[in-house]
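Work the whole structure out from these sequences, hints included.
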Amino acid sequence: MLSIEHYFFLSFALFLLGVVGVVMRRNALVVLMSVELILNAVNINLVAFSRWFGDASGQAVAILLVVVAFAEAVVGLAIIAAVFRRHDAKTGDEKDMLSW
Amino acid sequence: MSSSVLFYSLAGIAVLSAALMITRRKAMQSAACLGATLLATAGIFLQLQSRVLFATQLLLFAGAVVALFVAVMKLLCLDGVQGKTQFLRKIAISLLILLILGGESALMFWSARKTPVARLLAFGATTAAKIAPDARAVMRGLFGSYQLAFAVTVVVLIVAAVGAVAMTKQKVESGDALD
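Chains as they are written, first to last, in the numbering used here: chain G, 1 to 100; chain F, 1 to 179.
In case anyone wonders, no lab produced these hints; they're calculated from the structure. Some hints here could point you the wrong way.
Between beta-carbon pairs, the in silico distance windows are [claimed, not checked]:
#1 G:Glu5 - F:Leu16: 16 to 22 Å
#2 G:Phe9 - F:Val155: 33 to 39 Å
#3 G:His6 - F:Ile97: 21 to 27 Å
#4 F:Ala92 - G:Phe53: 40 to 46 Å
Where a beta carbon is used, it is the ideal one built from N, C-alpha and C, also for glycine.
Following this line, the structure appears as structure tokens:
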């Protein structure tokens, strides 16, 4: 097995790209995809540490995280669908619909 | 040696497709790139001998989530394109953020190596645990120590499903009923 830093750096790179996607893109769907990317990066860390320490807890938490990410995607897409239907908007920040 | 080659190939695909995902102008292309990233991540899970996570990632993340994105995009015709000038300005801002965060992380790793905390966490050690946790151990953890978290997750998933249905349900009024 490679050293844990390899996985750590990969996870960090994906996390960073996810954050950049959230900040940079205006399309609400791509923002949601970037959030999925961030959660995926966290999963890599969990599994790598789980393997590293030989403890299954990390993988158990990673499974729960996958399910939560799926639920987040479902709710996020439903919100986007509802908002887009009601306002007929093309991007997330049009008409300040997704800002607070 | 072969594991290094496999890791670097998969990591390269994951990072490259993630970068493409956030830079593609069409949302459909972004969804395809997200799928590639998630598949590459599934390969990394397999390399880490986590077969349960590999299967979960393949079915739920790379399968269901990406399919859901594509379905919603097609359903609502949302494959929108941003204006080019605006897009270039955003890229400049994101490059600046990348530079700042990258520098910060480099500083963090450089300083962390010299502290006792880093040695305590055994960063830079040469070997991992001899035995990788198998599916039985993972499930024992899931239905043992994390039983409450599992139950809460189930509730969250059910609430999400019901909420999604309730939110997307269209009220058909007499004037604009669909034929």
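Consistency of the hints with the structure:
1. G:Glu5 - F:Leu16: 16 to 22 Å: holds (20 Å)
2. G:Phe9 - F:Val155: 33 to 39 Å: holds (36 Å)
3. G:His6 - F:Ile97: 21 to 27 Å: About 24 Å separates the Cβ atoms of His6 (chain G) and Ile97 (chain F), which means 21 to 27 Å holds.
4. F:Ala92 - G:Phe53: 40 to 46 Å: With Cβ atoms ~41 Å apart, the hint holds.
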